[in-house]
Amino acid sequence: MNLKLKIWRQPNASAPGKMVDYQVSDISGDMSFLEMIDVLNEQLIETDEEPVAFDHDCREGICGMCSMYINGEAHGPDRGVTTCQLHMRKFKDGDTIYIEPFRAKGFPVIKDLVVDRSAFDRIMAAGGFVSVNTSGNTMDANAIPIPKPDADEAFDAATCIGCGACVATCKNSSAMLFVSAKVSQLALLPQGKVEAKQRVLSMVEQMDKEGFGNCSNTGACEVECPKGISLSNIARMNREYLSASITGDK
Amino acid sequence: MSKLNSRIPEGPLAEKWTNHKSHINLVNPANKRLIDIIVVGTGLAGGSAAASLAELGYKVKAFCFQDSPRRAHSIAAQGGINAAKNYQNDGDSTYRLFYDTIKGGDYRSREANVYRLAEVSANIIDQCVAQGVPFAREYGGLLDNRSFGGVQVSRTFYAKGQTGQQLLLGAYSAMSRQIGKGNIQMFNRHEMLELVMVDGKARGIIARNLITGEIERHSAHAVVIASGGYGNVFYLSTNAMGSNVTASWKIHKKGAYFANPCFTQIHPTCIPVSGDHQSKLTLMSESLRNDGRIWVPKKKEDVEAIRSGKLRPRDIKEEDRDYYLERRYPAFGNLVPRDVASRAAKERCDAGYGVNATGEAVFLDFSSAIERYGREKAAVEKIDNPSIEKIRDLGKQVIEAKYGNLFQMYEKIVDDNPYETPMKIYPAVHYTMGGIWVDYNLMTTIPGCYAAGEANFSDHGANRLGASALMQGLADGYFVLPYTIGDYLSNDIRTGKISTDLPEFEEAEKSVRERIDFFMNNKGSKSVDHFHKKLGKIMWNEVGMARNAEGLKKAIDDIRALRDEFWKDVKVPGTANSFNPELEKAGRVADFLELGELMALDALTRNESCGGHFREEFQTEEGEAVRDDAHFTYVAAWEYNGDPGKANLYKEELKYENIELKTRSYK
Amino acid sequence: MALIQSSIARKIVMAVTGLFLISFIALHLAVNLLTLVSADAFNEASHFMGTNPFIQIMQYVLALGFILHIAMGIQLTMKNRQARPVAYAMNKPAENSSWSSRNMIVTGLLILLFLVLHIKDYFWEIKFGDMSMQSDFELVTTLFQNPLYTFIYLFSFILLGFHLDHGFQSAFQSVGANHYKYTPLIKLLGRIFSVIVAIGFSAISLYFYLSSL
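Residue numbers (my numbering), protein chains in the order written: chain A, 1 to 250; chain V, 1 to 667; chain Z, 1 to 213.
Looking at chain A on its own, in the form it has when it is part of the complex (with noise of 0.2 Å):
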């Protein structure tokens, strides 16, 4: 099939960016859009432009890597994959695409559709973890059952590749999912729940300062997730935050 393209094009962080018309040809219905992406690159090299810059990796949707906003949606029309895992058979010969990168003040671009989210890194760093040391004598791992209920709901929660599709979805770039996730994954297991409290504190203080917006609930992040994370998580954080504030120190 051939399409035509709408790339965003911002030659670095400082730089003004605008959308750039492309032209694709020969695309075959079971490429993944990055490799239709990599077809455009090639194109590019050999007329001596400059390729696009994205962002991906593993490329079968677990790194979490790659970030495009592709027609209006974070990974595309299709749902529960991430852009690498989007299939070119998703389209019809003749559309047009916009490709943009993921938008919100949390995720600076730094060159067309890459962008930083080291924001998600230091939210982790703020508490998004069990304080617990390498050692070789912690307790025998099934020395605390742990309901097989709690166990695949933290599972469920704790499946979140830190896309940041919930952000750049959200129409006000809130990153409560992906926090959430962590806050719930972590308070519905018996190891985590110990410093709880300090941990939901302490998240969503660095959630706040950096700028991104405030959850009001439109549900969009849940369903653009690449790995379906639930909203109950939201409630729950919320649930936590509430409590751990009343009942907290901090």
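Hints are computed from structural coordinates only; laboratory data are not their basis. Some hints could be false.
Said to hold, decoys possible - Selected chain A positions facing chain Z (in silico; Cβ < 7 Å):
| no. | residue |
| --- | --- |
| 1 | K105 |
| 2 | P108 |
| 3 | F212 |
| 4 | N214 |
| 5 | E224 |
Note that this is a predicted model, so its numbers are computed, not measured. Here a beta-carbon is modelled for each residue, glycine too, at the ideal position from N, C-alpha and C.
Got chain A sorted already, so can you dock chains V and Z onto it with the hints?
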């Protein structure tokens, strides 16, 4: 030869590690604060090492080329992690895990290292649970296990098909905690481009800030390379696009020996190649072989009919199907080790029984598992005389709970519903057992330079068993390196900060800059990917699943020619002082072009078939591998001397004191 | 104060004030529906609301609720706008969220305008105006003789319905009440409630308008 001292501690196998730990030199806590350690790579090995070292009090600088440590490719490991917990009471033990790993590795790994790995495996699970890793559990609240290829016990801990992700996020959490405390300084989007040696010791690295293009000097008292494997030398592999050999290759060129480079693992269950545009291959977890049965049609006419779409797989009658693994290896069936399963698939496809248009695919069929689970579930739910539809429905629910994400991934990529029709799979490059040679302390032949995880060669011999990579990465990072590195650093407590103004840093930086300038000014006509794809074809055809002397010689010639062409004609757009992915790739492919030749040379030198290394000249009439223990029970460690094709070979003899070498049989 | 500055605390304030306002609306609707029963019933209820000491105190609480809800809503919206300095060239929010959830500030501000009008015409009039000529009931019937006035009311009630449709369930989510069993029920209740509110109030204005023809 003298340089290859494996430093295996004295004493009986089971006591070596304990004795060693008890007698090793330590650094006291106050002094640890004065010591810097660089860790390159933040996957399971690098991430866990960085976190543990920082917890001990060392000042750690961690580097990754991705935008966050959480994205290292360990994240993509699906199936699980082995540990000799024997929770299932099925006869597992440290010794059995050790034995299985040595046997699975086709008797080409070091006994002492592997025993230590098995010994600390249980601690890993304890540690990860304490960190909040949500492993799969049973209804009683205890941890669940599953079985993996090459073993007869259930010792694999898992978190659905995302075990690597969960373990990596655990290590990343531990790192995050230390980053927050300021004990780890994290350098995201940085790539190590040179090792700096001062007085014969590793004392720092030169790294490029991938956003600004700035070339930076970083000093430390020790350098840990945990940058993963080199499977991307094949261009198409299950590795991430960015996975590369550069860090390993740089230290190799500075004096670290490269061990067993030809030992690469071809994973049997990947989604087949669909066309020339393909940029990477996707793995379907080995855990699927627990429930999936692998087959091709018995009759050529059925193969033709399937290829042309005249028949669907389910139209082929049971008696006309060749479940070739069950036929050839009745004891292990579909759960034979990866190398065996891969070769068997290749054998069938080469014989003309491949089931897709390219002739390079076999079926992985879940219909019997769906029925079996369906009947079980019907019985549990007390449904009398369920219809076959009902049974299949119930069975699909069970399969979905177990492998849902894998099935979904398959469907997204292939556009085929694996609940209804068998998956098509074919082997693909997955893991590299070879890597930087290290001693028992994980130190390379460069003093103060360590290698951990897939980057080193140590534990998997010629073939890695499923769910052992995660185990090794975390064992190295959490439980081995933090002890052993102290032994070396105890001599450095009075050294003080290493200055980056030393002439050695200047020189290393200069060489990095020269190379970058070369790429920017070369003005060739072909893109980096053009050369990478060509290299990949040579490697896959001649140094892939089956190798022979003639092909390997041809590969060496072809790679040398390709390398010359690369340096003449490669084209790198953009600028050096900006975010420039093409420049990054150029440096990596340049290193692959040298490594590829060394792999071919190593394969050519090893005149036997063992594990992932299958030489067509050395096989039985039935096509089984023939090992030559008399001549090749050694680790091939290669020293760089300016030309990868003429590297010096050193041999570390492997002594088996606790295990009798046997022909590996899974029949 | 730190508590009130965090994003989640603000959400919770929005939710709690919102739920409080919802209860007020329910009460308001119940009283208003009495106009359809009889003039006396309504006048009596209206008199009770105007004189009962508890209700008098609650008036101030209500006012505070309104002010907090509105001020915080505006402040949150402004902050949220800042969180995305560059807009998307192509965006398809309808693919993943409802119109009402994305336009709470629009419906909210329009309802605020309506509120001003409504307070002026009723609350002010009943509380401080010269009501010697007529009863509360007569005030209602007089005002709804004007078609434009009736239209403004109808339009505002529909907006209120949309605002409540998202607001009702959103408030539960914000205070952390989310459960896979009960959340669908809460959403359904929210929808039923917002439809009743929109139709209930509209029916009253329409009834008096049509009666006046």
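These are the hints, each one checked on the structure:
{"no.": "1", "hint": "K105", "result": "5 Å, holds"}
{"no.": "2", "hint": "P108", "result": "9 Å, violated"}
{"no.": "3", "hint": "F212", "result": "6 Å, holds"}
{"no.": "4", "hint": "N214", "result": "4 Å, holds"}
{"no.": "5", "hint": "E224", "result": "5 Å, holds"}
In this structure, the one hint that does not hold is number 2.
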